[in-house]
Structure formats: structure tokens, C-alpha cells
Amino acid sequence: MSKNVTLTIDNQSVTVPAGVTIWGAARKLGINIPTLCHHFDVKPYSGCRVCVVEAVGARALVAACSYPVTDGLVVFTNSPKVREARRLVVELLLANHPHECLTCDRNQNCELQKLALDLGVKEIRFEKSKPTWVVDRTSPSLVRDPNKCVLCGRCVRFCADKQTCSVYTFANRGFSSIVTPAFGKGLGEVACTLCGQCSVICPVGAITVKDDTEKVMDAISDPEKIVIVQTAPSVRVALGELFGGAPGSIVTGKMVAGLKRAGFDRVLDTNFTADVTIMEEATEFLHRLGSGKDMPMITSCSPGWINFMEMFYPELVQHHSTCKSPQQIFGALAKTYYAEKEKIDPAKIVSVSIMPCTAKKFECTRPEMNASGYQDVDYVLTTRELGKLLKSCGVAFDQIKPENYDPIMGIGSGAGTIFGNTGGVMEAALRTAYEVVTKKTLPAIEFGAIRGLAGLREAEIDLEGTKIKVAIAHGLGNARKVMDTIKAGNPRGWHFIEVMACPGGCISGGGQPISSDINYRAKRMAGLYEDDRQLTLRKSHENPEVKALYDEYLKEPGGHLSHKLLHTTFHNPHMDLYTE
Amino acid sequence: MTSDNTLRRLQRADDLDAMKAKVLPRIAIRKDPKAPIYEGVTHHVMICCDTGCTSSGSRKIVEAFENDLKAKGLDKSVEVVVIGCHGFCEMGPLIVIYPDDVYYVHLSPDNIPQIVDETIKGGKVVEDFLYKEAETLRPIVHYKEIEFYAKQKRILLTNCGHINPEDVTEYIANDGYKGLAKALSMKDNTDALLEEVKTSGLRGRGGGGFPTGRKWELCRNAPGDKKYIICNADEGDPGAFMDRSLMEGDPHRLVEGMIIGALIIGADEGYIYCRAEYPLAIRRLRLAISQAETLGLLGDDILGSGWSFHLHIKEGAGAFVCGEETALIHSIEGKRGMPTARPPFPAISGLWGKPTNNNNVETWANIPGIIRNGGAWYASFGTEKSKGTKVFALTGKVNNTGLAEVPMGMTMREIIFNIAGGIQNGKKFKAVQIGGPSGGCLPDSMIDRPVDYDSLIEAGAMMGSGGLVVVDEDTCMVDLARFFLSFTRDESCGKCTPCREGSTRMLNILTNITQGKGKPGDIELLEELARNIKLSALCGLGQTCPNPILSTIRYFRHEYEEHIFHKKCPAGQCVDLLTYWIDSEKCVGCGSCKKICPVSAIDGEKKEPHVIDINKCIKCGSCIEACKKYKAIFKK
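Protein sequences, first through last, are from chains A and B.
Residue numbers 1 to 580, in the working numbering, belong to the letters of the first sequence in order.
Residue numbers 1 to 636, in the working numbering, belong to the letters of the second sequence in order.
Among the hints, a few may not be true.
Claimed, not checked - Partial selection, computed: residues in chain B whose CB lies under 8 Å from chain A:
1. Arg336
2. Ala341
3. Glu491
4. Thr504
5. Lys534
Derived by calculation from the structure, the hints in this document are not laboratory data.
Note that the Cβ used here is the ideal one computed from N, Cα and C, for glycine as well.
One chain only, chain B, in its complex shape:
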């Protein structure tokens, strides 16, 4: 790994090429198994250590490799590379061994000596550690052949999981900062650069989908000498981790994107507003900024061009509303994170009253590729109105949770059933919540539509930042809406009445419904609240908080009605609406349920069918567990 003190300032764009040429041979075996051995290093062991894999124990894998290699005298010939998110989080801890491109999953530290002996020393694949295809159980050696990866189109995540994110030279070896060099060569013609961004058709990846080029133009044309750019890295949707993975896996891409953006917009200072809950991302970004500064890619007189741009990191304290751009700006200013009404738009009067352009992580990170390869290249991906690719975080009841980058326009069905591998435990798909608590859910009948900004809005959902939460037949849709509402209610900043008071009232009604206290008229009152909150709340967070309710009512109204009118939860999830029964045909009178019941609600003679006193029953479910053998107890 290159440490900062070996980095030297690059004087001009050509120096980048020289650096690339110098670094390439070192990492060549990752791309070409036949590449010549560089300085005696025969293998690269790439270990995913992003936040997800770290929590499943990948740091111990790194340690085990280092110890074992040292013990076996291989520490000079095998390089252990800590990488950012490889994408397939479900499989962590996971590694890739080059040059043979062997992919091992679900590792534990005990497995490592065997891998060193058999795969690194012996050149053999250990089948036990390979990924097995879900249905056929066929082991797959090369990750690219796994459907999860094969169906993706990685133009943004191209470095994620393939380079050491803490080594700027690896980024440069993969054409990093080439976009910046190109942009600087055109610094007297930033109109043309802006045109490339417009041509790319890139739209804001934070959820709104506003055309990025047009947004930049507004700020660029705004009067004022001092301008700011901001990266919104306050990723807060439950189940979303696209931005975190990108920052952890390829931080320089974001930094480069912002530098190019600043040049086009005419800003000399920028902020990355990152939630403090992302310590690894923040650490890597700080390192990336300091490396870029040392190399003269950031700071004063960038690459000898005479142009300067400074980039800071501001850690957010974890308020969801600080993802709203005006609240975010106030937070940077040191004020309470509360949105303010627009106009004035930040493009005219933003951070400290200066013209400010704010984009999210994914938007900024797309810029280097667009400038390097041209807007037309980017526009060749995706659909007519939604260009490029989108990164989704796949979570919920799917087999393959993880990070997936797909071209816009792929159907939700392909994403869920091919990439995400379908529903766990053979259950039935029920809905997918897209766009987090601001988004909506799509039922089975809606998932054959192409995923793009406009068709999602039409279907009552929204792109959001890209979190997908898949739910199966066992999920109660009223309860799901209640979950998202409880989130937005807690995260409301409290400034405007509709969001502050309205979200609480909607939550109360939903809670009542799930507790069997729903009343006729509740659905209509929910709809009235939702309709008016959408119209009258101050900021995007408030305006979109009713979406989960509206979309669940739209597609699953019958579930609401079952709860309200028949006091039944069709998914069998709302405890208050369930009753436990013993099927007298199946009950053999073993007495195990009677023994385990904590409130003595079950009675019966030995070898006779037992009964549950529903007035005593607290619906804890212990009896069902106890009766696994005979399956005589059920809830309804």
C-alpha cells in the first residue's frame, strides 16, 4: 500500500499517465491471469471489508490470512488487499483470489490455512467455500458467472471491490482522475463540459431525478463570486447503503466527481455532508482528500492549472431530515437541521447565502466516467428519459441481499428474481418497497414495468436513493405502512404542522387498525390526511411521508378492510388480531404446550385434545413452538 509520504505532487496531467504506467504492472494479475509476476507477488487476496462484511467478521479473515501467510513464509509473495463492498453482502465474509479469480464465500478464520495451502500454494479450488447456485446447488468458481453479478451493469461500481480504496494509485491505475485531467484541459471551455453532463441525461440520484446538467447550469449562472458545492452523503433510508458502499469502496471517484463539478459550476469550495454513523466512509474520504491534496489533484493550483478547489467533510449527527437540502445546508452552517421554504433555491442562495449546488453521492460519482467517456457513452445506457445505471440496495426477504448496479429500465421482476435471487424459503413475493419511507410499494402486478424515474412515480412509488425492501406473503401491509410511518414520524423535524402533527395522527390510526381498534372511516381519514400532507407539508420529507400509506391502500386496500371490518390480519402478523387454536383432530394430548404456556392458558387431560383459553392467552407463540411435531396449534 502506498502511504501518503511516498506520494509526490503531480505537476501536470501527463504525470498522471506516468503514475498509471508505474502502478499497472503491480495490479495486473487482477485483470490478466497471465500477467507477469511483479516483484515476486504471485497472488492478490482481495477481502471485502466494507461495513457489511466487517460486521460479519471479515477483519478476522484479514488477520487470519496475514498470520497464516507469515507463518508459511508467503507474506512477501501474497498481497492481502482490503477492498470495499464487493456487492454480494449476503455472502460475507467473501474473498477473491487472483490471478485465478477464485471466489470464496461465508468464510471463517479457521478456513484460512486450508485456503492458503490448497488454493494459494496448491493451485486447487476448495469446493466447500464456493458459492452454490440457489436451486441447483451447482458450485461456481468465478463470481462473474453468478447470476447476481452477471445480470448487473457495473459502470459506476466498476472499482468497488476491485481496488484498495485507501490507495489512490490503484484508482489512478484504473483511469482515476483522467476525467479531471480532461476537464482541466478544457477549463476555458466549461460550456462544453456542461454540455457533456447534459448530453449524458444524468438525473439526480438522490431521489428527485432533476436533470443534473440543468441543475448545475442554474447555480453556474447565479450571480455571485463565491459558490459552493455539496455532496449529500446523509443516506438515511432504512435499508439503503448504496452511498456508503460507494464511499467506502471507491472514495476517489466521488472526490474527482466533485472537483470536476466545481470547475464546471464555478465553485471554489465544497462540502461532503456525511452522517457520522458512517465512520469507515468518513475515514476513507478523509484519506482520499488528503491523498488528492498531496498529489495536487485537490486544493490550490490543481495539476498546475492555476485553478483551486477545496473540499471539506462535515459529519452529520444522524437526523434523517438533514438529507433534505435546505436542512442539510443549515446543519453545515451550525444551525438546527430544519428545512426552509424555497424559493430562494440553494442554486441562488444556499450555504451562507451563496449559490450552492447539492447532489448526492451517486450523482457526483457518475461524473468522472461521463467526462472521461463522454455524455453520449453514458446516455447509451438506460431508457429514453432515465439514462445510465442505478445502484440498488437489495434487502428484505430476498435470497441475495447486496448491492446491485443495473441499467435503468430493467424490470423490477428481473432485479428481484434474477439478481436478488427471488424470495427466501420459497415464500411468495408480496410487494417491494422502493424509495424508503418516502417511497411506495409495488405489488406483483406492477413489477413488470421498467424501473425508471417516471414509471415509478406513475405507479405511486419513487426512485428514491435506491433502497429496495422486498416483503413476502407473511408481511402485513398495514403493519409495513405503520413501520415506515413510525420512522418518518420520529424523524420529522417538527417545523411544519402537517408533517409533525399529521404523521403522528396517521401513525395513531394505523396503530389502532393493527390493534383491532380500527373504525369505519379510518381509511378515508387516512386518505384525507395523506392527500393534504402531500400538498401542504413544507419539505420533501413531509410531502412524501404519506406515500407508504397511499400505495398500500392503493394496492392492498382489502388488507386494511379485513383489519377494520373483520378484525383479521390476513398475513397473520398483527398479534392483537390473532387467536390461537388447537386442532382437536391433530392434538394427541402430549401436554407439552400446557407445560410451556407461561400463563396457564392451556388445559386438557393427558392423551385428550387440549384447549386454549383465549381470554388468558397472551399470544406469545410458545405453544406453537412446542407443538412442532404435531402442528396441532395454529393462529388465525
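Isolated chain A (complex conformation):
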């Protein structure tokens, strides 16, 4: 398989492994062939024809994104023929695309815009088409504008191939083609998990996140309201990208400062409740391990995954930890424990969370998420929304001085921070479970065996005699494999399974910055592991604020109050929309 082939691109010779595409080989020579429908996360589609090149001997131009190289192939990527064809393709796309760039969510971050600029398309000689499709606002998390769709099919492929949900399909033919959920239904009316990956992979503004920034700014400007904000672990290694930083750069302090400048009354850390989650989940797991009931246990803080499980595997929900996600634990505690401690009327609290996730927008509205007597979390902003909010508030991110989280629910451990990586929840749980079970200090705190980006990872962890088989899946396609394995009687003998809906985990959630860096997942992942490494507090059960929470309020993990505030049941109101 690893045979090498040598070809010539633009008169330069290059040797690459067989099976590589012209596009890949050209990159090796520093030649950037423009693409639109092609994306490193999905299989080539060869639909947009922006990447056409001349392959000598071929009858017509070929798509560099999919054309496999062969020995002796001679390619021209910048000939007059190629330049004319590419430019015309982009001109044709622009003629059938709304010219609303200035007010578009993707302004200045739009691949079509960039193509037009890069290829020098300066005139559109065709009659411009008028919008004919209704904008789909049925989803709690996403907005779909088919008028802006360029029919690249990236969302179709990602949803089908990576997430195995196939929410999107092409419908109609020719010029009337659209991408749509089945039967022309709204996104909120079909089995969409709300993972939001389609909004990340969309090259234009056809799929965007429902924007809640104005609601949050209204609350901030309301003098009656105390606006408390929590920030999820993975936001701190991605937010910087919206201000020109590299993927994975840690911007926690600047983010905290920015939130304060924007007017949030209290800036707190979801890492704190990630630690609480570990206390609850580790207890639950050890209890289940002892009793053998509802094993294996699945843990996850990923609401997209929860939607997936409830919709596709409702018969297996008992395997899932009943523990809420850190966001919802935070929400429940903010309007109870925190309100008590800070002597605030919970009715005045507006609880906002900054999340890498689009499904969180739905999670906070679930009717069971009102343990405090109020809606526990009022608004969820994605990382991308936060970036816009900060910019609109005049936060000069490059100059702002880092600040610390406010006290009480503001301290998080390194175990809490790695929640954002696939495998992170598992590792955090094991750090605590090990020490609870063995009463010994972990010899090596980092569990290298369960780290990485492989889709489905397995390991056996020895808790001083108690051997635990763990599995980690990220991306719903891998989650499906896990569930099918459990359904088949768990032949792998797993005890503890972590699932995250998005490939890579929260670091590459549906609400995260859109990156053109092929290694952005690995870089953000490294950022979170680095954040953990820089902390002295790296185990959830050692978090002093967590200890205080249990001492002063909850009493014990898995106790009565914990169950009231921190645990949940599974039932998907989203599903009620379309089940009879």
C-alpha cells in the first residue's frame, strides 16, 4: 500500500504515497489549490469544481480533491484554462448567492467570500437570483438559510458519515436542488442531535448558531438582574482564535477579564462543577461496580450525545450515569447554594453559560432542568457568540490584562479542565476513583493510554487489584458502535464508557471557532492538557471549593440533596415533536 508515486505538478517533481490526491500532492509543493466542497473532515465530493486542474491526458479538467495521483502524471494547477474555469465557477456560485455579506454571520469568515477575493472575481455577469426559501428557525440551536447554501454537501457528508445521523439530504434536481432535512421538515422537527457540527463545517452562512447575545446583553443592562456567567473548560483554548490567536492558546485570564468588562456580575468556572460531576459520578460508578447493576456505566457531559442516546437507543438509557452535566450542575447550584452563600435572591439571578456546544442551548431548556425552582441556566452562548459579544463590547483582547475567576464556584482542578478533551472525563474520574478505592496517591496522574484522537479507544486500568475496562468514543458514529456493542451483550466486558458527540470532544464542539487548521483538534487538545499541567490542583476531590460545597451544603456525594439538585432522568422533549 505504501508504494510511492512520482508526478509533476506545475513543472515541479514530487513523490508522494500512492492514493494521495492531486490536492494533497500539490500542498507538499506549497501549491494551494482552492476548494469549496472539500474539507479535511469529510470524504472528497468533487462537486463544486473550484479545485479543477489540468491532468495531461484527461479529456476534461479533473477535481484535484479526489483525483488520485499516478506515476508520471503531469498536472497544471494554474494554466489559463484552469484559471478561467475556476473563476467562472465562483462567478456562477456568486450569481446564485444572496449578496448580504455585510450582515451575514460569516462575514470575513466565509470561504466563498475568500474564494472570490483570492481568485479575483470582480464582476457577476448574470442576473442575480432572488431568495426563494424560508429560513428554518425550528431548531433550538441552529438556523438554516437555504438561500445561502452553496450545495457543497459538507453538512450532508459530515452528518451521515461521521455522525451517522443523516439529518441532511439533497432534494430536488438541478437549479432547484437544496440541502434539507427529510421531507422538507425543519431541523427542529427531525432526529437532529443538535451537535452543531454542520454549522462548523458549512463554508458559508447557510447554517449558523441561534444568536442569543442580545438577550444576554439585555439582562446585563437590567439593573435588577445579577448576571452570573460560567465558562466551560474548552472555551479557554479556543476563544483566542477569534482574536487572531493560534488554536490551543490558553486565554483563560483574558476571557475572564473580557467577561467582566462586558458587564457580567460574577465570572465563575464550569471546571468547578466538572469537579463536582466527578465526585458524583465516581461515587455512582463505584456503587454500580459493586452491585453490578446497569453496567457498563456511560458517562458524558455531552448533550448532543444525550439526545442521540434518547432518540436512537432509548432502551439503553439506564446505562447512563444519572449525573447532570457540569453546566446544569452549575445552574442548579448557582440559584441555590451560591445564592444562599452570596445572599442573592435567586429570582434575580440570570445564569449564563459560555459553551463550546450548540446542544447546550437545548439542554438548558429541558423541563427537568429546574432543580433550583427556576430554569437553572437561562442562556447559553457558544464560544463564537462570546467572541462577537466581546467585540461588540469593545474588549481589546490583545491588550486586556488577565484576571481571575470570582470566588466560590470559581476554582476548578486540572481534572475539570480536561473535561473538554475526548477521554478527559474518563481520566478525571479515574484520578478520583483510584484514590477513593485504593486510598493511595496516584503514582502517575496522566493516563496516556486513554488520550489521543483515535475514534474508539479502550484500556484496562488497574485500581490495585480491581481491573476496570474502559472505553472512550467521540463522534456519534463511534458512539453508535459502542451502543451496538452494549446491545450485543457487551462482549468487550467494558465497565466504564465515556462518549462525546463531537469528534475530538468539546474542544471541537459545534459552537467553537471555525478553523482552517487541519490540526486544530490536536492543538486545542494539547492546550487543555497544558492547562492541566500548569495547575497544582489536578484532582477533583482535592478542590477546596468542592470540599466546602460538600461540607457545608451537599453533605456527601450521591446523597439526598445531590440527587435532588445534581441528578436527572432521561426523556427527550425534543423527540415529542415528531413521535406520535
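Fit chain B to the given chain A structure using the hints.
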């Protein structure tokens, strides 16, 4: 007719010969008028009931014959045979009566008692029902003497219209499955069989013209145990019906061709992908497959050889793009019919990722003859680079619409003026569109060239599957290009930008031109679009959709210029560019035009010349109709 339950499994090749010997006497009178009467049947009445003749009422003719024969006690001595396409669709409903080989056309059910009395009982020819030669009006009794048939070379359609397509025994009696028997006898030396296909020089009849033998070799040599073959029967070009006629008229020929092909290629499973708009073809193919299975000619252990091949039918939902092989494959897989980029070619990774060979109906159906008679026999027809014959569907403004099989290399002029009988109503020939919406048009100056793959490409057209649409002087070439573009635009799958967006833009420009809204630079913009779509579209459909524009610009540029610069349609077809006038010299002031005009655009005193208010006129043409007597109204 033989029903399935009387068929018995044939154990070996010899059984085929025995069956042939048994059936031949029954149908002998169709070939030899002096053949002995078999079981008291004195006449065979062959009635064309393919889709074309059915729509002109041939089923009622069958019914009328059956009723009348029964009433006259002749139902035992006269066999009514429902046949597939006889070719001369213009003449339907049509029949041939054997043993005297009398050919009657344009029949209606009322004619039948007379035919039974005079021709069947009385042995006399009824002149009224005979075909009359176009110019001389000379009646012709035997169809073979009609120029339409006489100029053809029927080696593929040899059974079409001559056997009952629902009776496998009639196919076997005409050497059917003999090619298969021969192929099976050489099953350990399929190299030699492949060599025959290569020697024949057969090229893909679906339009591309890729050498069939070489194509098969690619799939045959591809690594993999499981291989598929596919027959592309998704005939979708407007005006094309060659494949339909072949499937309806001689379905076993296709089935046999595929079985032989599977043996050579090494496939054990095949699909016929047929559009659902061909219900009769599908029904006959299903019947043919089931008969072949019953006889042991298809399925497990074919003719006792130990070799097995299974054949399925997949009905397409009518998308033109599913004629593109990768889209077709996805459609069989249950996915949306959209093409994918090649490589990988289907020969390496096709249906369900397995090596797959796809040919069209006509290609597969040529195989039995090639194997039975040898590749050299087939190569003796046609030209140096285009061997054999080609079936064309003749439509448009010709006198003889129908199905014609001619040797490659015949000139287009012979096809149009001899076989198709020239242009209707004495009009002038203007162009012939060949290859459907993917093809191009040829003007008068180009139709003396031999028709073969390469010379058509040179002339800016393509063989396509064989649809010929002939247009006369009254056709506007810009409007013709617009028609074909509107077809490809609607049928674009929507996957690639050049085809999806580009075809729409070209159509918009063409529509504007025909509406008098053309601008200087439109021709050049059309050419730029066409050139780039040809180069950059994903699949063959997209790459060829500009051909009608390019060829009409190439040969009829002046018509485009007239539309754009002078706002005139030389053919007088583009309504928006016409103005209605009354010739005051001819107008007698009768007032009939004034009376009929729906928008009161005509005014004038009695017995005085009338005038049309061109601002009110909606160009409906009613006045021209009303003024037939004086011909005073004209459009310009």
C-alpha cells in the same frame, strides 16, 4: 403461445437444438410461404403492439381480429401473434399476414372483418390498407420492398417484429441462446471469447463509443471475487426509443447477451436498470428472465455447465442523470442518483464497491450474434473504426418516423432522405440533432459525411444512443438549443456547479435572445460558459450539455445574430420577435379577422383594408387562420 408451466429445464446444449427443431415447423410459414401447414394453422397475423403502436390503437386491432376470427370460426386456423416493434412507427397500427407476407398499415378495428374475409379467407390483397410510396403513391404489398425497410441492414433487430417476444421458444427457434451454448462450450477458454468481442470491433452503443472488448477486459482483470454486470436501459434522450423497442421486441437477446458477457467478465450477478416509464419493456424482461430461469439458461448451473449467473431488474425513477453510469450505480444501491468522480472507475470499484461492467441495451444485445457468428462476421459491417450496425430512432419533421438499423458509415443524407423519406410537407431540411440533448446538430452541408463515432465528434455532434431529431426550415435554431438546454437544466442532478448553475445561466441567456432581450456579447458569454462547462463539469451529462449551443452557434451563428442585433427570428418561430401585418393589397376588408381578434387589435371599415394595432396584438395567430382565403395577414 407457450406458457411458463409447459417449459422444462434444458439439461445441456443439445436440448436447445431439439427445442428449436420442435418449434420451427410451427412458425415456418413466416419464412416460407410454401411451408407445410402445421396443426391446421394456415395464417399468422403479426400485429405490432410495442409502445408506439399500442398508443395508436393496436391493442384494439388484436381484439378485433380475435373477435372476428372467432365469429367466423377461424380462431383455430389463424394465429394472432402480438409482436414487438416492427420499426415503421409512422404507419401504426400495422400488421403482417403470413404466409403471403401482406403488409397493412394505418388500420382501425372496422377494417378487420374485411381483411379476414378478403385476405385471409379470400387470399386477396386489399389495396386500401397497403402502404403507398410517398411520391408515386404506388401501393406496396411486401414491406421488404418499401424503401424504409429495404435500405436497412437488420442484424440486431432481426427478430424484432418477427417473433412473439413473450415466447422464448420462438427466440430459440431463431437460433436464440445458441451463442450462449457456444460460449459455455468454451467456458474454460474465455480468453478466446473475449477475443471474439474485440475482433468484432463493437463499441459502446450508449454514446461514448468505448471499445466493448477492452472495457470488459478491464473489469475481467480487476481484482475481486465478486463482480457485477449492469445493463443501462435508462434510455432518456428526447426522441430516442431504440432500447425500448429492442427490449419490447426481442428481450431474450438482451438477456442472452448479458449471460455471455457475465461468463467472459467473470460476474455472477447482473442488473438491468430500466426506467419505470417503460412498463411493457419491464414486463417482457421479467417474463424473459423467468422463462430463461425455468429453462436453465439463467440462474444456477446454466445448461448443466456448473456455472451460475443471476439477473435482476431495477426500475429507475426517471431521472435522466441515472443514465450516467456512476449515478446509475448509486441508484441501484438505493442512494440518490448523483454521479461521482472517476477514478475509481466502475471496472475497479462499482456497484457496492465491486468491479462492475456497464453497457447499454444495444451493446449487450449485439453480443449473441457476435459470439454465434464470430467477431469477424460483425466486423464485416460498418467502417474501419466503427464496426457493425447502429439502430437509430427517426423523429421530427421526417415522413417516416420509426426505428432503423443501418450499417455504420451510411451517410446521414441516406438515412434522412431514403429511409426516413425526407421532410414532411415538402419543406426544406434544416438540421438534424443527433445524440439527444448531449449531442449537436448537423446542417445540410454536413450530412454527406459517413455516420460513425469519430466523424460525428469531428462535426461537433456525437453518436449518443441514436436518437435523430430532424428539423425543417420552420425551426428556429436558437429556440431548438433553448429546448435542449431546458431539458438538461431540468435534469441536472444539481451536484456540480458548472452544470447546475451554468445550464441555468445559458438557458436564461437563450431565453432572453428568443424574447428579443439579447444583448451584444451574449454569444461570446454563451461560448465562454459552454467552453468551461464542457471542461469542468463532473459527469458526461454536464460536460455535454453545452453541445446543442455550441453546434447551433457553429452552424447557425447568423440566426443568433439576427435575434440579438435585429430582433428578428429568421424562422418566424420566436413569438416575441414577430409582428403581424395585413397586406393592404390583398385585404378585401371582409372583417373576419377583426371579428376573431380576441383583443380587438384589428380595425378597418368594411371592404377597406384593415390594420393591426401592434401595441395591442398578442400574436395569437387567430387572424392568420381567419384569413386563410385571402392570405392577407402575415408575420414577420
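Out of the numbered hints, which ones does the structure contradict? No numbers; nothing is violated.
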